[in-house]
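There are 2 protein chains.
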Amino acid sequence: MNVNTNREARSEKRERLSSIIPSVSPRFFAPDARTPGDLVRLSDEEADHTRVLRLEAGDLVRIFNGRGDEFESVVEAAARDGVQLRVGLPSDPAPEPRLAVTLAQAVLKGDKMDDVVRDAVMIGVTTIQPIVTARTEIGAAALEKGRRRERWERVAVSSAKQCGRAVVPPVREPISFESLTLTLQASWVTGPALLLVEPGAATNAVTLGELDVEPPKTATVVVGPEGGWTSDEIEEASAVCRLITLGGRTLRADAMGLVALAALYARWGEF
Amino acid sequence: MNVNTNREARSEKRERLSSIIPSVSPRFFAPDARTPGDLVRLSDEEADHTRVLRLEAGDLVRIFNGRGDEFESVVEAAARDGVQLRVGLPSDPAPEPRLAVTLAQAVLKGDKMDDVVRDAVMIGVTTIQPIVTARTEIGAAALEKGRRRERWERVAVSSAKQCGRAVVPPVREPISFESLTLTLQASWVTGPALLLVEPGAATNAVTLGELDVEPPKTATVVVGPEGGWTSDEIEEASAVCRLITLGGRTLRADAMGLVALAALYARWGEF
Numbered sequence: 001m002n003v004n005t006n007r008e009a010r011s012e013k014r015e016r017l018s019s020i021i022p023s024v025s026p027r028f029f030a031p032d033a034r035t036p037g038d039l040v041r042l043s044d045e046e047a048d049h050t051r052v053l054r055l056e057a058g059d060l061v062r063i064f065n066g067r068g069d070e071f072e073s074v075v076e077a078a079a080r081d082g083v084q085l086r087v088g089l090p091s092d093p094a095p096e097p098r099l100a101v102t103l104a105q106a107v108l109k110g111d112k113m114d115d116v117v118r119d120a121v122m123i124g125v126t127t128i129q130p131i132v133t134a135r136t137e138i139g140a141a142a143l144e145k146g147r148r149r150e151r152w153e154r155v156a157v158s159s160a161k162q163c164g165r166a167v168v169p170p171v172r173e174p175i176s177f178e179s180l181t182l183t184l185q186a187s188w189v190t191g192p193a194l195l196l197v198e199p200g201a202a203t204n205a206v207t208l209g210e211l212d213v214e215p216p217k218t219a220t221v222v223v224g225p226e227g228g229w230t231s232d233e234i235e236e237a238s239a240v241c242r243l244i245t246l247g248g249r250t251l252r253a254d255a256m257g258l259v260a261l262a263a264l265y266a267r268w269g270e271f
Numbered sequence: 272m273n274v275n276t277n278r279e280a281r282s283e284k285r286e287r288l289s290s291i292i293p294s295v296s297p298r299f300f301a302p303d304a305r306t307p308g309d310l311v312r313l314s315d316e317e318a319d320h321t322r323v324l325r326l327e328a329g330d331l332v333r334i335f336n337g338r339g340d341e342f343e344s345v346v347e348a349a350a351r352d353g354v355q356l357r358v359g360l361p362s363d364p365a366p367e368p369r370l371a372v373t374l375a376q377a378v379l380k381g382d383k384m385d386d387v388v389r390d391a392v393m394i395g396v397t398t399i400q401p402i403v404t405a406r407t408e409i410g411a412a413a414l415e416k417g418r419r420r421e422r423w424e425r426v427a428v429s430s431a432k433q434c435g436r437a438v439v440p441p442v443r444e445p446i447s448f449e450s451l452t453l454t455l456q457a458s459w460v461t462g463p464a465l466l467l468v469e470p471g472a473a474t475n476a477v478t479l480g481e482l483d484v485e486p487p488k489t490a491t492v493v494v495g496p497e498g499g500w501t502s503d504e505i506e507e508a509s510a511v512c513r514l515i516t517l518g519g520r521t522l523r524a525d526a527m528g529l530v531a532l533a534a535l536y537a538r539w540g541e542f
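Line order of the protein sequences matches chains A and B.
Numbering-wise, our numbering puts 39 at position 39 of the first sequence, and it's gapless, one number per residue.
Quick note: to get our numbering, add 271 to the position in the second sequence (first position is 1).
Simulated from the structure, these hints should not be mistaken for laboratory data.
All values derive from a computational prediction rather than experimental measurement.
Hints are supplied without guarantee of correctness; some may be wrong.
Claimed, not checked - Calculated cross-link-like contacts (lysine-lysine; reagent style DSSO-like; alpha-carbon spacing at most 27 Å):
| hint | chain 1 | residue 1 | chain 2 | residue 2 |
| --- | --- | --- | --- | --- |
| 1 | B | K416 | A | K109 |
| 2 | B | K488 | A | K112 |
| 3 | B | K383 | A | K161 |
| 4 | A | K112 | B | K383 |
| 5 | B | K380 | A | K112 |
To be verified - Restraint ranges, calculated between C-beta atoms of paired labels, are given here:
| hint | chain 1 | residue 1 | chain 2 | residue 2 | range |
| --- | --- | --- | --- | --- | --- |
| 6 | A | R41 | B | P366 | 50 to 60 Å |
| 7 | A | S91 | B | A457 | 42 to 52 Å |
| 8 | A | G146 | B | D382 | 23 to 33 Å |
| 9 | A | G209 | B | V477 | 20 to 30 Å |
| 10 | B | K488 | A | S91 | 41 to 51 Å |
| 11 | A | E150 | B | E415 | 41 to 51 Å |
| 12 | B | V477 | A | R34 | 31 to 41 Å |
| 13 | B | P366 | A | L211 | 51 to 61 Å |
| 14 | B | D352 | A | Q185 | 58 to 68 Å |
| 15 | B | E497 | A | S91 | 17 to 27 Å |
| 16 | A | L53 | B | S509 | 28 to 38 Å |
| 17 | A | L53 | B | R420 | 28 to 38 Å |
| 18 | B | S362 | A | L53 | 53 to 63 Å |
Virtual Cβ for every residue (Gly too), placed ideally from N, Cα, C.
The following block holds chain A by itself, in its conformation from the complex (with noise of 0.2 Å):
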């Protein structure tokens, strides 16, 4: 009679589940699952997800492993000192974007970086790279012991899990705009780069109407900080970049990127 109640509760709290809109249903992310029939275990921060949500032993959620798989699963131990999932069948993850793209950011004051990158990963970025510029606030030791990129990777997990992906995209170390020019040079065969400028920042800069580009495969989008590009940046750029400003209105710093990436899905047929 126990073991049937249980049974009804736990039944009544998967049909609840699953009656929430299958994008919003729970997601954990576990690196290390591979193939059907392991055993996994949770980071604490994961745990602690399923403790809020009332998870327990032979409850049904789904799983990624941040490389592109997702799986069924079935929670097996859920318990203070650890939470343990069985790995079960292969499901369809949101599908990945045919057009690869790296966002190159410049580093923004506060939270605003982290807004940047919970949206870059929301509508599908494939690779963040953070850039220091000659205008960002913060230089790249600061970053270091903030330990700011650990907390990028935070917030690229977590907007994986909401967005329904089951790839998180690597934030990369930051790097100078100099590392940055000369990666570009060096890698400008796999795609263009795009930098964006404002409006009247530079005169050599086009519309994305005018940009005389095939649909590539790979891109690299490239966003200044709150204070705008140098005059020296820009012309730096310009030798291994496209200028390009969208519309005639000043796009704050923190969605420029959202807004460039949504203009060149569309653009580029993934819209």
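Place chain B on chain A using the hints.
Same frame as chain A, but now just chain B:
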């Protein structure tokens, strides 16, 4: 001597203000500004902003009236009890998009709607129409009691100041989803209406690439609440809207409008 020192100090301040990049040079909202020579009084909120910048009589600023006109202007009097400006020569604000988009957005929780208004004004929306849907968690009465519309209007002014527009898009009185569909039915001829749906939420949804619509002059973008549309709403909307899905990832309700506007601007030659 004293007069000269004052003049020098003012000239220095002007230089300081104009050395700031144009997009962030101080602009004030003065809805009464119509004709060069007019004397206008700033609202208390705008006057506070002049105090933050320590503006005083003789300083040069820009003002816009929210209906598309921007002027050079001189501070005539800056006292505790009010700030008066003399309207100068017309100047060039950020250009308005040729494509006039109305964003019909289901009211979101907490501050999220503020962000939607801010972002939509920044990118170039023409009108914002808040709507109350089946899954909107706040009703029309509570919205009115909380003076939410007045707040959104202030957010719209603030965003117009930042992005360089001289137009402050109106934020309409919230209406029900049913009223919206009736309006769309009546005004279909003025441009397509696109209802954004999550991936998999409607079998008759198309991508932007599949949308066989010539670039229009006006369009309506309809975005749902956090919990999405009910199937009844989707069916009801199908009669007056095209159902659109943007990529395979689940976009947050508070980001959907900005993403859709960016994608449409790119698709229809605005970017």
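- Item | Hints violated by the structure (numbers, ascending) | Hints 1, 2 and 13 are the ones this structure does not satisfy, whereas the remaining hints hold.
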